[in-house]
Amino acid sequence: MTGKFLSLKGEGYNGFVSQLKHANEKLDAFNFIDEKEKNGKIISVKDNICVKGMPATASSKILHGYIPGFNATAIERLENSGFSVIGKTNMDEFGFGSFGLNSEHPAKNPYNEEYVTGGSSSGSAVATALIKEHVSIAESTGGSISAPAAFCGVVGLTPTYGAISRYGLIDYASSLDKIGFMGKGADSIREVMEKTVGSDPKDTTSLSKAISNKNTHKLYVIDNLMGGIDEGIKDRFEGLLAKLSAKDYEIEHVKIDYLEYSVPAYYILSMSEASTNLAKYQGFKYGFKVKDFSLNYNDFFMSARKQFGKEAKRRVILGTFIRSKSIKQKYYEKALAIRHAIIARMGKILKEGFIIMPTMPIFTPKISEVSDISPVEAYSMDMLTVPPNLCGFPHISFPYFYERGMPLGAQVITDHFNDYSLLDFLSEWESGFEYKFKEEVG
Amino acid sequence: MKIGLEVHVALPTKTKLFCSDLAYENQEEPNSNVCPVCLGLPGAKPVLNQKALEISAGIAKALNCEIGEKTWFVRKVYFYPDLPKGYQITQLDGAIGIKGYVDLNGKKIGIRRVQIEEDPARIIREKDYSLIDFNRSGVPLNEIVTEPDIASLEELKGFIEELRSILYYQGVNINQELKTDLNISLAENRVEIKNVTGVRNLIAAAEYEIKRQSALIKEGKEISLETRSYREDENETVSSREKETEEEYGFTFEPDLTFYDTTKLAMQKAVIASNAAKELADINEYNEKTIRELVLFNKRNLSLLEGISKEEFKKGVSLIEKFASFGIEDYSEEEFMKMLKRDVSSIEKDSFLQLLGRSNKTEEKADKEEIESGIKEMLYLDKTLLERGINDGKAMSFMIGKVKEKYHVTGKEAADFIQKVIKSMLNN
Amino acid sequence: MEEYEFERLLKTARIELDKEESASVKKDINEILRFFDKLENVSLGEEEQAFHSVEIPEKLRKDSAENKNELENVFYNGENYRFYFLGPKI
Chain A
-1 MTGKFLSLKG EGYNGFVSQL KHANEKLDAF NFIDEKEKNG KIISVKDNIC VKGMPATASS
59 KILHGYIPGF NATAIERLEN SGFSVIGKTN MDEFGFGSFG LNSEHPAKNP YNEEYVTGGS
119 SSGSAVATAL IKEHVSIAES TGGSISAPAA FCGVVGLTPT YGAISRYGLI DYASSLDKIG
179 FMGKGADSIR EVMEKTVGSD PKDTTSLSKA ISNKNTHKLY VIDNLMGGID EGIKDRFEGL
239 LAKLSAKDYE IEHVKIDYLE YSVPAYYILS MSEASTNLAK YQGFKYGFKV KDFSLNYNDF
299 FMSARKQFGK EAKRRVILGT FIRSKSIKQK YYEKALAIRH AIIARMGKIL KEGFIIMPTM
359 PIFTPKISEV SDISPVEAYS MDMLTVPPNL CGFPHISFPY FYERGMPLGA QVITDHFNDY
419 SLLDFLSEWE SGFEYKFKEE VG
Chain B
139 MKIGLEVHVA LPTKTKLFCS DLAYENQEEP NSNVCPVCLG LPGAKPVLNQ KALEISAGIA
199 KALNCEIGEK TWFVRKVYFY PDLPKGYQIT QLDGAIGIKG YVDLNGKKIG IRRVQIEEDP
259 ARIIREKDYS LIDFNRSGVP LNEIVTEPDI ASLEELKGFI EELRSILYYQ GVNINQELKT
319 DLNISLAENR VEIKNVTGVR NLIAAAEYEI KRQSALIKEG KEISLETRSY REDENETVSS
379 REKETEEEYG FTFEPDLTFY DTTKLAMQKA VIASNAAKEL ADINEYNEKT IRELVLFNKR
439 NLSLLEGISK EEFKKGVSLI EKFASFGIED YSEEEFMKML KRDVSSIEKD SFLQLLGRSN
499 KTEEKADKEE IESGIKEMLY LDKTLLERGI NDGKAMSFMI GKVKEKYHVT GKEAADFIQK
559 VIKSMLNN
Chain C
25 MEEYEFERLL KTARIELDKE ESASVKKDIN EILRFFDKLE NVSLGEEEQA FHSVEIPEKL
85 RKDSAENKNE LENVFYNGEN YRFYFLGPKI
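Chains as they are written, first to last, in my numbering: chain A, -1 to 440; chain B, 139 to 566; chain C, 25 to 114.
There could be a bad hint or two in this list.
To be verified - Each computed DSS-like pair below joins lysine-lysine, with the alpha-carbon atoms no more than 27 Å apart: (1) C:K62 with A:K253; (2) C:K113 with A:K289; (3) A:K245 with A:K349.
Stated by the list, open to error - Here are some chain A residues the structure puts well away from chain C; computed CB gaps all over 10 Å: (4) L6; (5) D233; (6) M381.
Bear in mind the hints are in silico, worked out from the structure with no lab data behind them. Quantities reported herein were computed from a predicted structural model and do not represent experimental measurements. Just so you know, even glycine gets a beta-carbon here, dropped at the ideal spot from N, CA and C.
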């Protein structure tokens, strides 16, 4: 099956771009919209993925002005398959955030502008919701596809770690970063995924292993993860399980040890890696420039790195601390062992069936409700999206319910390299469910 | 007196350690051999150069190091304008070689570690700015870290000469300026002299530092633990402020790379095969050298010999030698076992082939790659052969003869090919 | 985390904070570290460490200049002088 994509010419194209720019003034989905007419199926790309000739900022002031002279491999493959990039989507700076608010101009929820979009692929979710027949190329480190997909009412697929080349992806945490997709249904996501998967000689961690679609009608609910979830969310999720049972899915409840430690383990590993990946931003070869070369290099670098946002600074400082020789064992090495323990335990369950859970533990919050919460409170909101991300398991978030005009998302996880089974599951779900997209442009 | 060294040498590869840019500096134009990887641009990723790994394993072996089954890389974070990513990809616990030594007229100078790492860019200091040429960024290096076993200036000179000779046989260009960090302690505290370029400066810096520390001791003063740098023009060392300590480098696993299997490298395969051959010879009370040769020249022989009883062992060895002398390369386990039951000790080739059920056709030439790896393995194992090979025409033709015989290749073409492989190993 | 430790950490990370920012970041960091301290309760014995979530087989590059990573214009994004990148004073 092939997906549907927007493909416009001449007048139609110009009209589309001006409509998109107009909508973007309100919703801030895009950091950059390319006005040059495109011949091809239109996609958008998260602003931490390099597209030759278009700005790439990862929503960071320190990358302002940077225009990569090369394509990410995923983009190269898509352009060779008839896709064209319309623009670069908004995000939390370097992927650091769960709500989309760590950006100079945070994106707004298309259902209601007072609400958050989720993050960090905030703009990709909004663009997908906004544009007809759209797929956005996004990226997830700890939940950056699932969270905004759930809050903005679209589908988000996070593939197996290594399934898609990271060449050209601006690193957050190299052992966790995964390029993935947001779309309006299984078919279009499948088409884009098929065009991008596979080993890349430019990325050591990209894999040649075939992606399968071993299907199952067994769904596991992890009881020890359901504790911290909002009662209302739990109730709607029970409703979803009932619907799925009626469709011949067998539901089983299990407990997976160590899962409650996945959030601290994830933040320890991701901050450690982030603090090394962000060491390259020094204010002279690209992006933001410190004008005064006569500053001593240390002062020069310090001055450049003032451009990092607050969350980026926090993570660089903490990551640096966690890596220091005398501390490393206590946090970093422990976190690596926890990741190993959880992969083994989740992997065992996933050999038998899918794992299913709500995507987020809360209803979509208003911007005002979360803009002042502490970092630890914010990190805790990732309790459901972190486990599959920490362990590199492919997962999909999809809308399953609408309440007071806002969508709710659920997440299905499968074993490594079984990504296509998630799209088969989704196709089956779509046969009995009607999405209510907030479509405006196209 | 305790002296320890960290010697940096550039490896003789065509391209850089993690990208396909040429590894030698293009003197004509700065920044002409660069790409997103060695410029450290956001989004670029490293992919390891196989040749650099092989050469490093050869160097580690030549320095009598232990080579683990897996080798891996770490990020060392520090800030300097010549370091494009803000971290250097280097090695620590997963270094290619550890616990080696150099034999200096009977005294062992310990080698703590041989690590593979990338060279930073070339940086030129100007009054109000710096100029940076990334052509050198990413050139593959080995850092050879010694134990503080060098006890005199004479030993230091001797060690450097011996090291240069060892590196020469591994194909390293020894005309390059070695960059060395020098640790010297005459009393309790250790003084580190960073970034000494060239052997002449290294000796001069050591000489100066020994004098300086001796004078302090004579005066009854304490020698402080510090980092100094050597000034060539004044021929003296001066105190310099150390930028980062090990605590702050924050070494972590390089997640853009993975673990690399050293047992697949030609040099390691030779060692593994040789160990297995030795074990086999010991168990069967047989001549070790013969078994090693049989095993090295054809991997299958190892499993064939391992599969037979001690009683049959001698017969098995003779049979393999028979196969070889008749130029039969591709015998199967089945054929081997079949022939083992017969008495073939005084049989001629035609009858042998008849018993085997084959017609008398000439065997195909061994595959070029196979010959190449066979030669390499043999040379890695027997260094004297390699040493003799270059300067001694007789040794070279002996070697060619030996390989020709074992692989049953004939003609000038084969000899040229073998010679080419040997030369490429010597010169790269 | 003590004040002097925090100051040294900022220097190591090359991050400069103004006074107000410093106080709030320090408070956040201590809170986050307490959150991480949860891991002290976990005993895993001889559990292996997972550096990646899936097995990454080795990928080596042939020592050849073919398939060079392309870059359209080396100096497009940075200031240069006679083909050198301009950098800060050392």
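We went through each hint and held it up to the structure:
Note on K62 (chain C) and K253 (chain A): the hinted pairing holds, with a Cα-Cα distance of about 19 Å set against a maximum of 27 Å. Note on K113 (chain C) and K289 (chain A): the hinted pairing holds, with a Cα-Cα distance of about 12 Å set against a maximum of 27 Å. With a C-alpha separation of about 21 Å, the suggested pair K245 (chain A) and K349 (chain A) falls inside the 27 Å cut-off, and the hint holds. The non-interface label for L6 (chain A) is consistent with chain C: the shortest C-beta to C-beta separation is roughly 28 Å, beyond 10 Å.
Here D233 (chain A) stays apart from chain C, with its beta-carbon at least about 29 Å from theirs, past the 10 Å limit. The claim that M381 (chain A) lies off the interface holds: its Cβ sits roughly 12 Å from the closest Cβ of chain C, which is beyond the 10 Å cut-off.
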